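Visitor: Chains as they are written, first to last, in numbering that gives the first Met the number 0: chain W, 0 to 315; chain U, 0 to 315; chain D, 0 to 315.
What the hints contain is simulated information worked out from the structure, not anything from laboratory work.
Hints may contain errors.
Copies of the same chain are indistinguishable here, so a pair counts whether it falls within one copy or spans any two.
As the list claims (entries may be wrong) - In silico DMTMM-like pairs for lysine to aspartate or glutamate, Cα to Cα no more than 20 Å straight-line:
1. K160 <-> D99
2. K11 <-> E237
3. K252 <-> E209
4. K46 <-> E132
5. K224 <-> E61
6. K45 <-> D110
7. K11 <-> D31
8. K45 <-> E132
9. K260 <-> D227
10. K11 <-> E61
Please read these numbers as outputs of a predicted model, since none were measured by experiment.
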Amino acid sequence: MNANLQIGPQGKLMHLLTTEGLPAEIVLHILDTARSFVSVAEREVKKVPLLRGKAIFNLFFEPSTRTRTTFEIAAKRLSADVVNLNIATSSQTKGERLLDTVANLTAMHADMFIVRHSQSGAAHLIARNVGPEIHVINAGDGRHAHPTQALLDMFTIRHYKGEFRNLRVAIVGDVLHSRVARSEIHALTTLGVPEVRVIGPRTLLPTQVENLGVQVFHDMGAGLKNVDVVMMLRLQQERMSGALLPSAAEFFKSYGLTPDKLALARPDAIVMHPGPLNRGVEIDSAVADGRQSVILPQVTFGIAVRMAVMGILAGN
Amino acid sequence: MNANLQIGPQGKLMHLLTTEGLPAEIVLHILDTARSFVSVAEREVKKVPLLRGKAIFNLFFEPSTRTRTTFEIAAKRLSADVVNLNIATSSQTKGERLLDTVANLTAMHADMFIVRHSQSGAAHLIARNVGPEIHVINAGDGRHAHPTQALLDMFTIRHYKGEFRNLRVAIVGDVLHSRVARSEIHALTTLGVPEVRVIGPRTLLPTQVENLGVQVFHDMGAGLKNVDVVMMLRLQQERMSGALLPSAAEFFKSYGLTPDKLALARPDAIVMHPGPLNRGVEIDSAVADGRQSVILPQVTFGIAVRMAVMGILAGN
Amino acid sequence: MNANLQIGPQGKLMHLLTTEGLPAEIVLHILDTARSFVSVAEREVKKVPLLRGKAIFNLFFEPSTRTRTTFEIAAKRLSADVVNLNIATSSQTKGERLLDTVANLTAMHADMFIVRHSQSGAAHLIARNVGPEIHVINAGDGRHAHPTQALLDMFTIRHYKGEFRNLRVAIVGDVLHSRVARSEIHALTTLGVPEVRVIGPRTLLPTQVENLGVQVFHDMGAGLKNVDVVMMLRLQQERMSGALLPSAAEFFKSYGLTPDKLALARPDAIVMHPGPLNRGVEIDSAVADGRQSVILPQVTFGIAVRMAVMGILAGN
């Protein structure tokens, strides 16, 4: 997939499809812009008129109330008109092709598509087929990418740690099936994090994951040692038994983040999770709700980061 | 369930969870405020800017287009941003706990949650776990409470009868399974209605319902005699056959409100129903659409009462 | 069904239920008004305050994301408040009658209902039962009518052809089951198109369709000859096999619009389709995406036409 598709002729962001190949200056521009939006949510009237009269379509081919809600809230705080399309239950059932759906919405003078799809590359495909006045945000495509999640994670890390260039970050769990992990790894390396580790059982790590510039650990003891940031991944229900994993309990024993295991990280390490949590599977409640957890601030910052991405795209 | 949870330190309404223990002055304040909102719906532009920029979440864990719509309309007339979350089909299916869902939405800077849930106490649970800047409205929890329905019923009674202190009110039907009945009884007694009657078959009345301060009747003839207000309850489909009731037809014969039975009430008695109607089961169409029916005005007043509750909560 | 129901005492449009019997001056007034709305969608802020504070309900008893979206977008561009009700999954399941649902929404001070229903006459039934302050738009009822689709088609034809009085128009495909075809035929004849043809297999044309003032063809060669406009119809999935048709492939061979067949029409003929497309069934991709296709402009004009209808109704 052509990452450059998202960068326009003058180096401007036209779409947000992936953090892979996304220049550091654009990432930092998004994070800087998001900072100014954090305060909007704390005002009495949580709205700015930046996207008034713009039509933003939530195109969710895969259901996700949670992610859809964050984009809907972000768009409404920018005063945009939001239309939610849960496509699984509608025109797709009438056999309309993805690109015909998009062409139709484009003909309605859509300004932006937020796309979630179970197939990798869906958002790219759409971006490649719309005119220059339309912007596409990838809200998760298959196992490929989830760039706004990675960007809000970067915002969170910068908020708590200030700098990226002296950090040790561990990503823990089912890296193999995780678009979040892939997008995080690209963003972290782009921002100059010197040491990115992935920790998980062999069956849940991609082959040759080292090629992404990460260190591989199969043991939490070694992997968490002295890290500044622990980024937990969600274990999908369907992985919890069967060929890849013996059981959820077994996984928790080896890779679930407990206070004991967290004690191996630096004392000021922060704990992150993209949600929704599987308490007692990948994370212990004592950690999820504990002093070092920044899981809820991630959600708060997520709105600001999505507002920033939408605002920047609409301005370009 | 702690009813006082809904009253703040200075006696202000922080949440609306139940009419049980809700002070008369707060009930009357809501009814007075609602009166001013009735006229908003009759304007050319049916909007006031009271809740502009506020984020209101319809958290419906149990589907109800009807109730959800009344809250959505009320919130939009107050210029709020409304996000509808039908949770049955989303993060709950991913195994996220109720409180994690709420914590996430709180982190998005939600201002208000409208909660409908099949389990009694769900709205209380949420109210107990949110910060002081967030307000919870119970839109129906299990068999427990449906306070906005009871408040709009009180508004309707006051509109047509003026005073509460000289009324005879009968509540008819399946009191046992009805959160509406429970909330109505509490509101009526709080407002000083001297005689509240419940009428229904033994199998559909709670044991010791007398302890709520009502008179119990099993016969419509005796129960409706000289009442000023007849509040019908909806008979749930699933009760219409089986252990509790012989059949819908049998129920209608004994407890369905027909013109004949209504003639036993005072000639100026009003007939109420929370909807949706089961015509020919608990109510005859001649009564539902008749001169004494105030069923549609209840709906109209329901919007104004919900606007009032939202407006008061947001101001406290 | 009484077509005059939609025209008020002073000849004003009160509802839009069907193009049958809709006077030419009203059709032309809608088309003229729509022209002014086309430019709204091209502005930076795609909004006019014409319907601010109005409550518009999308009452979709039959799912259609596509049509619902066009009305939602149109209403939001007019600054209305839109509430989407997918009725199949809600109060209908509780056994509420259609008219009770409508009476309830009316009591909430609805201003307009957009109705899609699988039964012919549903929108008429609603229009007959609402007060004069409420307007009903038929967004498709059974096999009966889909007037906004026909009006946007007329807008499209006028846009490309200028005049109606010298045109040959062919409607191709499953006329029998098509509410779109019925509404198009009425609109075309009202606007004075001298020659309207229908083309299709005997099994997919209504008996005595000639009575509608059209010429009947069973062969594309003869039917398309020298036409100015080709209006394709969608072939419903359920017709593609079984009693009425041998197979989709067989249908395509005889009635699918290919470049070869289109060459029989006038060289400047335009090709229309109401969407969603069955590529390779009723239309070849080379035609759908070709030089003569105006399928996507139809979608664009559809928003403007729906804005015009809503604006005119709200003003009457």
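Visitor: With reference to the structure, classify each hint as holding or not holding.
Guide: Okay, the hints, checked on the actual structure:
1. K160 <-> D99: neither (45 Å within a copy, 25 Å between copies)
2. K11 <-> E237: Neither: 39 Å inside a copy, 47 Å across copies.
3. K252 <-> E209: neither (25 Å within a copy, 54 Å between copies)
4. K46 <-> E132: between (24 Å within a copy, 18 Å between copies)
5. K224 <-> E61: neither (37 Å within a copy, 46 Å between copies)
6. K45 <-> D110: between (22 Å within a copy, 10 Å between copies)
7. K11 <-> D31: within (16 Å within a copy, 40 Å between copies)
8. K45 <-> E132: Answer is between; shortest inter-copy Cα gap is 14 Å, intra-copy 27 Å.
9. K260 <-> D227: Result: close within a single copy only, 14 Å intra versus 68 Å inter.
10. K11 <-> E61: Neither. Shortest intra-copy (29 Å) and inter-copy (43 Å) distances fail the 20 Å Cα cut-off.
Of the numbered hints stated above, those contradicted by the structure are hints 1, 2, 3, 5, 10, listed in ascending order.
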